[in-house]
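Peer 1: Residue numbers (our numbering), protein chains in the order written: chain A, 1 to 354; chain B, 355 to 708.
Please note that the accuracy of each hint is not assured.
Coverage of chain B stretches by chain A, computed from C-beta distances (three or more under 8 Å per stretch; other residues unrestricted) [as the list claims (entries may be wrong)]:
id : segment
1  : 357 to 364
2  : 436 to 450
3  : 455 to 467
4  : 490 to 503
5  : 610 to 624
6  : 682 to 692
Calculated from the structure, these hints are not laboratory results. Where a beta carbon is used, it is the ideal one built from N, C-alpha and C, also for glycine.
Listed below are the residues making up each chain.
There are 2 protein chains.
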Amino acid sequence: MTHYSEIDTPAVLIDLDRAESNLKKAQDAANKAGIALRPHIKTHKLPFFAKKQVELGAVGVTVQKLGEAEVMADAGLTDLLLTFNIIGASKLKRLKALHDRVTIRVVADSPDCVTGLAQAFTNAEHRLGVFVECDTGMGRCGVQSPAAALDLARQIIAAPGLGFAGLMTYPAAGKYREAAQWLADARDVFSSAGVDLPAITTGGTPDIWHMDEAANVATEYRPGTYIYMDRSQVAAGAASLDDCALTVLATVVSRPTETRAIIDAGSKALTSDLLGLVGHGHVLEFPDAKIVGLSEEHGTLDISACASKPDIGDLVRIVPNHCCPVTNLFDQVHLIRDDELLQAMDVAARGKVN
Amino acid sequence: MTHYSEIDTPAVLIDLDRAESNLKKAQDAANKAGIALRPHIKTHKLPFFAKKQVELGAVGVTVQKLGEAEVMADAGLTDLLLTFNIIGASKLKRLKALHDRVTIRVVADSPDCVTGLAQAFTNAEHRLGVFVECDTGMGRCGVQSPAAALDLARQIIAAPGLGFAGLMTYPAAGKYREAAQWLADARDVFSSAGVDLPAITTGGTPDIWHMDEAANVATEYRPGTYIYMDRSQVAAGAASLDDCALTVLATVVSRPTETRAIIDAGSKALTSDLLGLVGHGHVLEFPDAKIVGLSEEHGTLDISACASKPDIGDLVRIVPNHCCPVTNLFDQVHLIRDDELLQAMDVAARGKVN
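Okay, chain A solo, but in the shape it has when bound (with noise of 0.2 Å):
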């Protein structure tokens, strides 16, 4: 047996109890809910968990670029869908490829995009889903209407080889109820237009135990986040911090002052991701301690609020403000339960950057 404590550092640990107890309180509050779930393999980019996530009753994986969807694809995953707009003659050869040999769906919020794809896409015996991008108040991708939506969505229709999939949403954080009521506009207009709506998918961890709220008129969620969770799902209300299933573990380098204690996690193992909070980080066995600066190689804490002050050579470990770039950012995560390593674990969609 191996204590996490004698892992080298800084790494990458994932609490196997706690991401499993999460998944499935997330998969058990999505079948009550009455709405089908679509994890974001994003966060994790594992094939471990995205199976994982099958087994306890996901339909299927959601991914952000073909090079994740060729990963999942490999290791026995049948149902994807790319939540991005696919442009350009070598991503469409790439998507081809994948269509060819999984259920694979995209994206598309642009006459442009469709284009891409109708072009591409021509077998009326195979055709490719396609869900309509609609921005419901995140201001990202998505069309800016439900007009626009069906618009959009006829074009598709049109295509001999697309089959329109439905409409496909990643509200902003917090305004799930908005995002509600676009769809829930958007499915008015397309009743009165007489064009069937297959499915409606929408997302995020921020307002996932609002589920049963989005099932009111969503068919599919998609959350990434929930298997880990983070300090920003914290500060979000979504998560406590005995939810948080991946750390950053590291070591006390320096102490230079009395005020101040410097770590080998930087910019490069917690990121650089604030997402509107104070801070870099959560340090668990030095709750008083601000982690105040990041360089790439250096965590700087201010550990002035700390009765007991850590030690050269003590560890530590860090719940990050965002746990997805932070697995983007280590060739390995090392699972671990009871405080014990499992197994260190290539992140196989690591790096996919298209």
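Given the coordinates of chain A, work out where chain B should sit on it, guided by the hints.
Peer 2: Quick look at chain B alone, frame taken from chain A:
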């Protein structure tokens, strides 16, 4: 010949003419100032450029992690400075293995750190060179006074297997004069005590063009970012946009509104590093565009100030705020010359977290 526009996005482009020009300009300035150059490889993480730096006249290279040192030693680099406290049995063992095959020196800023090194390195015939790290204003690692530097130097000198190599500092950006004063005071303290000070090594790209002043007290300079330069160095006055050798190639994938464009480069390509800047990078083709938001895979551009606006499918090149962590996010970078692809090169020292 492959034009860069044929490379799948997002991708890192390295303009080789610019990188070589940056390397040469700094080496020339160091030669003129009479200061040794020891470039930090954290920026490029490539043996290819490390060797080029040594060929141009660098005395060796700087690394921040044992994993980086191992990659460089494997590639034939023979003189390494590791500017990070090495703490713990596992890392000391790897350091010993490196010390057996190349010249590697390290830093320490505490008696605890020196004690660990002294216990691992005991061979007086093959001593480990140790610099005392000094906090000259950065507020990160380092002893807090010249007197403390002298005390630590004496501990190093007293250890049979260690050799006192000198003083090392990373000055706060723009504070090179304060750092020089600190080091001059330390030189006086060592001189008064009759303790030989073999070398003083300082660094930082923001103040690289003041190497002539640094040379009044320092014997060695360790710049990293200077090879590629970036938006933060342009803001610091150390480079112009025309010096920036690294850009992130991205595709416009969505134009949801008249004033918004979405690109396929988010924080997983550009990082969330702000370094005090507003916005997440400079878009070369649309200099009036502002990168106002990043998700992991999306960059959100406010294009309201752009006279001509980007279309879906357009390629853009972005000068990131901070080039160093960008190369850590990509398995490969693309070397280009006159806009033509020369080679896709694996980032050999990417992801060396420990």
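Peer 1: Each hint: holds or not?
Peer 2: Hints, one by one, checked against the model:
| no. | hint | verdict |
| --- | --- | --- |
| 1 | 357 to 364 | holds (count 3) |
| 2 | 436 to 450 | holds (count 6) |
| 3 | 455 to 467 | holds (count 4) |
| 4 | 490 to 503 | holds (count 6) |
| 5 | 610 to 624 | holds (count 8) |
| 6 | 682 to 692 | holds (count 4) |
Of the numbered hints stated above, none is contradicted by the structure.
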